[in-house]
Amino acid sequence: MLMRNSVRSISIAAEKLLQKKWSLIPLRPKLVKPVPSDIVISRSQTPRDISILAEEIGLENNEVSQYGSKKAKVALSAIDRLRSRGDGAYVVVSGITPTPLGEGKSTTLLGLVQALSAHCQLNAIACMRQPSQGPTFGIKGGAAGGGYAQVIPMEDFNLHLTGDIHAVAAANNLLAAQVDTRMFHEATQQDKHLYNRLVPQIKGERKFSKIQLRRLQRLGIEKTCPDDLTDQEIYRFARLNINPDTIMWDRVVDVNDRYLREIVVGVSPTEKGFYRRAHFAIAVASEIMAVLALAKNLDDMKQRLGRMVVAFNCQGEPITTDDLGVTGALAVLLRDALEPNLMQSLEGTPVLVHAGPFANIAHGCSSIVADELVLKLAGKEGFVCTEAGFGSDIGMEKFCNIKCRISGRSPNAMVLVATVRALKMHGGGPSVTPGAPLDKQYTKEDLDLLAKGLPNLEQHISNGQKFGIPVVVAINRFSTDSDAEHEMIIEAAINAGAVEAVVCSHWSEGGIGCLDLAHAVIETCEKSDNFQLLYENEMPLFDKLNVVARNMYGADKVELTPEAEKTLERLNDAGFGSLPVCISKTQLSLTGDAKIKGAPKGFTLTVQNLYVSAGAGFVVAMCGEISKMPGLPTRPCIYDIDLNTETGEIESLF
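Going by numbering that gives the first Met the number 0, the first residue of the sequence shown is number 0, and it counts up by one from there.
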């Protein structure tokens with residue numbers, strides 16, 4: 000008994016030691032009116048040395064690899080060290096259907112965490128995606144938040160960071176090169192010559208590599224000596240027989256370049272006439288980025304990379320990365336990229352930045368490993384706030400049905416970001432166009448127009464409720480809003496089932512402007528949650544599409560084009576029917592048509608085609624005119640961005 004009590008006492012003491020509160024020393028920005036540009040605010044605050052911040056939140060020296068003094072990689076070994084520690088509350092930040100300008104979801108996320116950490120003195124950390132450089136140089140600008148709620152230095156956040164996106168692009172394009180090269184070599188060589196080159200004699204000995212042995216196993220060939228294979232076995236092993244019409248693997252680049260959307264490869268005379276139509280996508284649209292975001296560790300990442308399907312053979316069987324022999328090489332390129340990046344907010348609170356899959360193409364969430372790490376770092380009394388891209392119909396749905404399904408985690412609360420501007424647009428207001436002045440209807444009080452847009456808010460609140468997540472509505476205050484407009488939104492939100500609705504002014508006031516939201520989130524997370532997924536794995540793919548479309552979008556049904564029907568049959572025959580679905584559609588409407596606003600009901604969602612992201616672990620359904628390669632507008636941000644050669648500072652990045 001005495002020994003048992005002693006062991007229990009030691010366990011309790013160890014737990015208390017692990018659960019200690021951070022010794023965080025926040026920064027206090029000097030608030031200026033009118034609010035300056037984002038880059039001016041970012042430069043007005045000197046970031047703390049990242050090694051000091053890492054130490055304050057409980058990371059050890061050997062778990063932090065610095066990239067200068069303002070950003071660092073965090074080793075995954077920290078997760079193992081903190082495995083026995085309790086988890087913090089898990090909060091997902093989503094939004095209503097946005098205008099093309101965005102409604103400040105990232106800004107709200109950072110304002111909330113600054114309020115929780117710097118002002119409520121709680122362990123709180125933000126998890127964010129790394130932005131693509133394409134939109135940064137295009138029309139959207141940066142994605143570091145804004146005003147007095149942003150990640151600093153914002154230049155580092157928006158440009159390169161620690162090179163993860165470049166690693167993804169390198170790995171993606173290595174695989175793309177191998178696809179076309181393998182087709183070329185199979186087309187120009189006889190079986191024996193091809194086999195001898197695939198399994199060469201080195202120092203008088205021939206042997207299969209590890210990845211080749213795995214291919215033999217998949218083929219059911221139980222031989223390990225290259226010289227023992229029959230002619231038929233040599234043919235099956237050496238020839239992938241890729242059907243070029245089924246190739247799903249695009250090359251990528253982290254630039255908005257519309258002229259790469261459709262290209263022809265192989266036109267050089269050296270390729271002997273073996274050319275084909277191909278495509279480029281933006282780097283973050285690569286399945287490898289989704290793999291990076293959904294992998295639980297290095298081994299899981301490697302397994303997922305090996306499962307990626309690049310095409311089908313002439314018999315309709317999937318061809319994987321492992322079949323092409325590239326799995327290990329991709330894992331080597333991505334080893335460091337799997338480690339999350341530590342940065343800080345304007346108020347010196349920790350931010351983990353990792354992975355950047357698009358929400359309207361992929362699942363739109365930061366990485367599982369980043370969340371796992373900070374849930375342990377925050378501890379039982381702490382808070383982890385993570386963002387899901389675009390509206391709840393897209394990012395939050397995929398956060399739950401894909402990310403949480405894989406990680407086994409469930410959110411304690413959902414923060415739904417809404418603006419007067421977006422709700423007026425959904426009420427029938429004039430078009431909102433980036434770069435053009437806002438119509439006066441958006442800058443003066445108009446309760447009738449606002450009231451007509453409230454069904455969109457109600458649909459998004461309902462979306463959270465269908466997963467069993469308590470919803471807190473955060474109204475991102477604009478200077479042109481009226482109190483009466485805010486009161487109308489609050490009343491509608493509560494009537495629709497939100498547990499709380501508050502007005503936030505974090506853009507102009509930082510964490511202080513988000514204190515009401517912080518208190519609402521704290522109170523909400525203390526309640527029990529009843530999280531549930533929308534569908535089970537065993538449900539047929541077509542039924543999964545209908546469940547999401549009806550529950551999240553308000554559709555009546557899903558309709559497949561003839562091409563999509565054929566692809567669905569092929570995916571089911573190949574064994575991919577048990578995967579979750581990832582619907583790729585416009586973020587600007589609950590429907591598949593960006594021009595339709597509000598919250599329409601009873602419409603038909605048309606699926607143009609489907610493809611499998613077997614490594615990431617979902618089937619993508621393409622709806623409407625969704626391009627995986629954005630283009631530059633007439634006047635992109637590049638006209639304003641410049642380098643001051645005297646100071647070395649970047650100018651006009653926003």
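No lab work stands behind these hints, which were simulated from the structure alone.
Treat the hints with caution; some may be incorrect.
[Said to hold, decoys possible] Below 25 Å or equal to it, Euclidean Cα-Cα: the simulated SDA-like pairs (lysine to any residue) are: (1) 443 - 35; (2) 379 - 587; (3) 271 - 261; (4) 271 - 232; (5) 69 - 56; (6) 209 - 238; (7) 72 - 451; (8) 191 - 230; (9) 451 - 406; (10) 594 - 406; (11) 465 - 565; (12) 206 - 224; (13) 209 - 162; (14) 32 - 478; (15) 594 - 69; (16) 271 - 243; (17) 295 - 84; (18) 443 - 489; (19) 69 - 162; (20) 627 - 587; (21) 29 - 476; (22) 465 - 577; (23) 19 - 526; (24) 295 - 159; (25) 565 - 242; (26) 627 - 138.
Bear in mind that the values here come from a model prediction, so they are computed numbers and not experimental data.
Q.
So, against the hints stated earlier in the document, which numbers end up violated here?
A. Numbers 2, 4, 7, 9, 10, 11, 13, 15 - these are the hints that the structure violates, sorted from lowest upward.
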